[in-house]
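K.L.:
Residue numbers (my numbering), protein chains in the order written: chain E, 280 to 620; chain X, 1005 to 1240; chain D, 2 to 485.
Treat the hints with caution; some may be incorrect.
[Said to hold, decoys possible] Listed below are the simulated DSS-like cross-link pairs for lysine-lysine, each with C-alpha atoms no more than 30 Å apart in a straight line:
1) X:Lys1020 x X:Lys1233
2) D:Lys349 x X:Lys1233
3) E:Lys332 x D:Lys349
[Stated by the list, open to error] Covered stretches of chain D (in silico footprint by chain X; criterion: 3 or more residues with CB under 8 Å from a CB of chain X, positions within the stretch not fixed):
4) 73-85
5) 158-169
6) 174-181
7) 262-269
8) 387-400
9) 414-427
Read the hints as simulated data drawn from the structure, not as lab findings.
The beta-carbon is built from N, C-alpha and C at its ideal position, and this holds for glycine as well.
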Amino acid sequence: MPEYEVIGLFHDPTPAADVLEQLRGLGVPDEKTTVMSHIPYKPGMLGIRPARKRLGRVALLGAILGISLATFLSVGIFLLYPLIQGGQGIVPVPPTLIVYFEVTMLGTMWVTFFGFLLVNRLPRFRTHLYDPHITEGHIGVVAQVDEDQVGRVEEILKTNGAHHTNRAEAVPATDPWNTRFWLITAGLVGVATIIVVLFVYDIVRIPFPTNMADQPSIAYEQGPRLAAPAAAIPVQGPVLIADQPATEPVAATPDSLQRGQVLFGINCVVCHGQTGVGNGTLSGFFTPKPFDLTSAAVQNLSDAEIFLVITQGRGAMPSLAENLSPVERWDVVNHVRSLKK
Amino acid sequence: MELPNRKWTLVVDLDKCTGCSACVIACHAENNVPIHTDREVAQGHAMHWMHLQRYWDGEYPNVYARFIPTMCQQCSRAPCEPVCPVYAAVHSERESLNLQVYNRCVGTRYCQNNDPYKVRFFNFFDPPFEPPLDQQLNPDVTVRSAGVMEKCTFCVQRIRRAEERALVENRPLRDGEVTPACVQTCPPSALIFGDLNDPNSQVAGLVTNPRRFRLLEELGTEPSVYYLKGGKSYVG
Amino acid sequence: MSDSEKYPPVWRRPAPEDPALASQMEHAAREHLTLDPRYPQEMDQTMLRPMARSGRMFWLVFVILSGLVIMLFTTWLYQMIWGLGITGLNRPVMWMLYIANFVYFIGIGHAGTFISAALRVLKFEFRRPISRAAETVTVFALLTASLFPLIHIGRAWKFYYLIPFPNQRQLWPSYHSPLIWDATAIFTYLSCSILFAYIGMLPDLAMARDHTTGWRQRFFKAVALGWRGTTKEWANQETALNVFSYAIIPVMFSVHTIVSWDFAMALQPGWHSTIFGPYFVVGALFSGAGAVIMVLAVIRKAMHLEYFIRKEHFAGMAMFLLILSLTWDYFYFNDFIVPWYGQDPVEKTLTVLLTSGRWSVLFWLMIFSNTILPAATLWSKRVRTSPLALFIIGAFIQVGMWLERFIIIPVTLGQNWLPFDWGTYTLHLPEALITIGAFSFFGLMYLLFTRFFPVIPVWEVLEGQLLQTVRRIGRALVPSRTEE
């Protein structure tokens, strides 16, 4: 049998309470009657038993969630990042207490809010019998009864002085907890989280160069470098280069020449060629071409100047300071000397 | 392989310091510290990681300057560290150095407010390095962009290089092998740098000197820079 | 006869026959909102009518404020592109107007929660019509304040470094720093204030839903969430509001304490004082109360809400203001006398600088606005019940409290431990424009709120009218209140 909702409006809590008592006498249980008003009348004023308060326990759950989050944010992050700062310990107590307090309160209040919505079954999509006059200060009493009792209920309402009675077929309660709404909301939040995670974990990169990766300074392996000015004084003997101790030349022993040849093969052949004439595999890519090391222009330089070129680079040639230690560079200098035609 | 614990210490002998400011220039050159126009300096945007605090004293005609070279004191209990919200100012326990992570700095400038020595500098603008000045920049040191705090690091890039070289050559680090730019440049050798954990180092001998004091010692920041009182010009 | 005439509020007592008692009753009804029940439909319309129509004044103010807000964002963009050097920042004055504004706006955000939560817990009736206007001041003041951490940091595009979330680089912010405690506390306070205001607003949104048409009704139908006003909904709302009230009061105290710790944790002379915690909280409540009074005076006039906001509410707030002024005096004196007595050289320089140095004009203006003016005027009942006088006093208090923050930040930062590092701060155009823009931002948001949401909690007024009545004791009619 279909159920009907019947509403009657009163302007005083006394007739409303009388109606509720008479409905109870008729056999309509309290769960099927609803009292609506724009002023918070206490249950005692309407003669009904106060409902059990569940929100207190929800607040406690919120506090526990808050404490867990606080534990991660304070103790967790401190242990993830065991960095000493200012002589404080790894897990300093006062900041931890501050975080615990704030985040516990945050958890309590947020969970209470969502609990409030859930317990009240808000947002309410199912259309119930309602009258806009309720927000003008009237009290609405609604009873949900079988079809055959509707007449009796309306009689009770009219006897007690209700105005604006109405009836409508009750819509069956298919989704009392609004699961569809919460699932859709959770789904949207989930999608937003996934989009954020895509960016945060660099799965989607935004090419926004702000990490000081592009440096205006010239790195060791970069060129071109400015050539030394025309009047620069060539250096003989111990080569003085800033940041390095003065290095003595190494005598051109067979050992040194053999080491030099090996190192030349690794570091220099690719541009200057096997015989040093400047026909290495990469030489085609340079303008001007790598120097002919057998030429008079190079061989007339002092040993120290060749050492300087290897150390600092010259023109398009990069510095080999990172690749070769000073002793090794002198070995290469000796080898270059041996390339003279 | 593990690197040994160091306690890098700088000793400034105020008796020898002439106030020539060569250390200031050396620091600029080594650490890519920008130079600012006179208008910006007047506004207070000057950046000198190493600078000479100078106070005028006396009455004409006996006016003289008291000066003290000041740089980041590399405090063991640095007040600038815990206030950084992003862990950009952290402490290296192994080397007893105060590290600044440029990439992490968001520029809240709280560290400078908490620094009693005010030795931290903020890049108010993007530092101008017009060519060919950019050829002079040290590739070992990041050139900072606008919005980033910076300070003296005891030339940590030089410390790293020396330690790596010693590690590769399988030998201990020698005293005097590591010299920050200011120490290297100082003409009267008023700046001495070394590892206090090494009992034979020059600094270990100097910190027991009865002339020694530290700046604002009463604040409990435990600085790693020791000053040796001396001469009429000392400020302490 | 209209419905509202046929059905008056049942708790409206009939006028007594005795003319003396009748005149007493009339007087009580004039003075006290809760003793002057009108037809609820009439009260609903008093609230809804100004929301439906927007006059020329509204549009003029809207255009001006919007223009200033656009100026705020363009100046900020310009600053982000060129760098913070265009402002008056220097070494050592590394914080200036932006942080002063930040602390100021967080400060005025405290009175809202005090009125809606603490006065609710303490069962003060005069909070009934003003609680939502005050809460809204809180919410928008906190939103305006949250702009400033982004404006003042050097690399604003890296702001996400300050937010704790798991990321590929495994980077987390540092909870050693008072700035992160700040972020946590303000986030808690802001979000929970919004939720608190929303829970309390649902019945009024339902009322608006029932009495509007067109797009407005669709909007209210969505935000009212289907509130019907059943006994269960009311009971749960009361529990929820209780939980929120009891929880948000300690959070309110903690928020400005933590903001004060941004300063107290520093070794800077003039900042490193243990009194900063309670001192800032009292200052916040003080400036907030002044701001709320100003806002109430404006909306009462502009929206013709004289029925709801009466002299008794202004008198209550003004008494509150006087008490807070005296408390602020107590804390400021404490903060002043201790360094003065100790004769520490740096602190002594600060004291001299403030009282007779370059900034002494601002210092004495602050003392006048916060101490002398309230003490000299708020004793008088006439002043306490005059909205215009209170608006002016409130404005002076805003100036005084803003100057207090200004003196604490750029002025004090100029004097530190080593005299070579002393500096001064001069005002530059960008921060002045951004400050003006921020106040306009607050004003614009509040203006728009009053258009779309009912700013008076009508249901709370109705509840108050239900629970308060007059009782005859001897020859007098005495207002009586139910505690339940």
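K.L.:
Hint by hint, say whether it matches the structure.
P.N.:
Status of each hint after checking the structure:
no.: 1; hint: X:Lys1020 x X:Lys1233; in the structure: 10 Å, holds
no.: 2; hint: D:Lys349 x X:Lys1233; in the structure: 27 Å, holds
no.: 3; hint: E:Lys332 x D:Lys349; in the structure: 59 Å, violated
no.: 4; hint: 73-85; in the structure: holds (count 3)
no.: 5; hint: 158-169; in the structure: holds (count 4)
no.: 6; hint: 174-181; in the structure: holds (count 7)
no.: 7; hint: 262-269; in the structure: holds (count 5)
no.: 8; hint: 387-400; in the structure: violated (count 0)
no.: 9; hint: 414-427; in the structure: holds (count 8)
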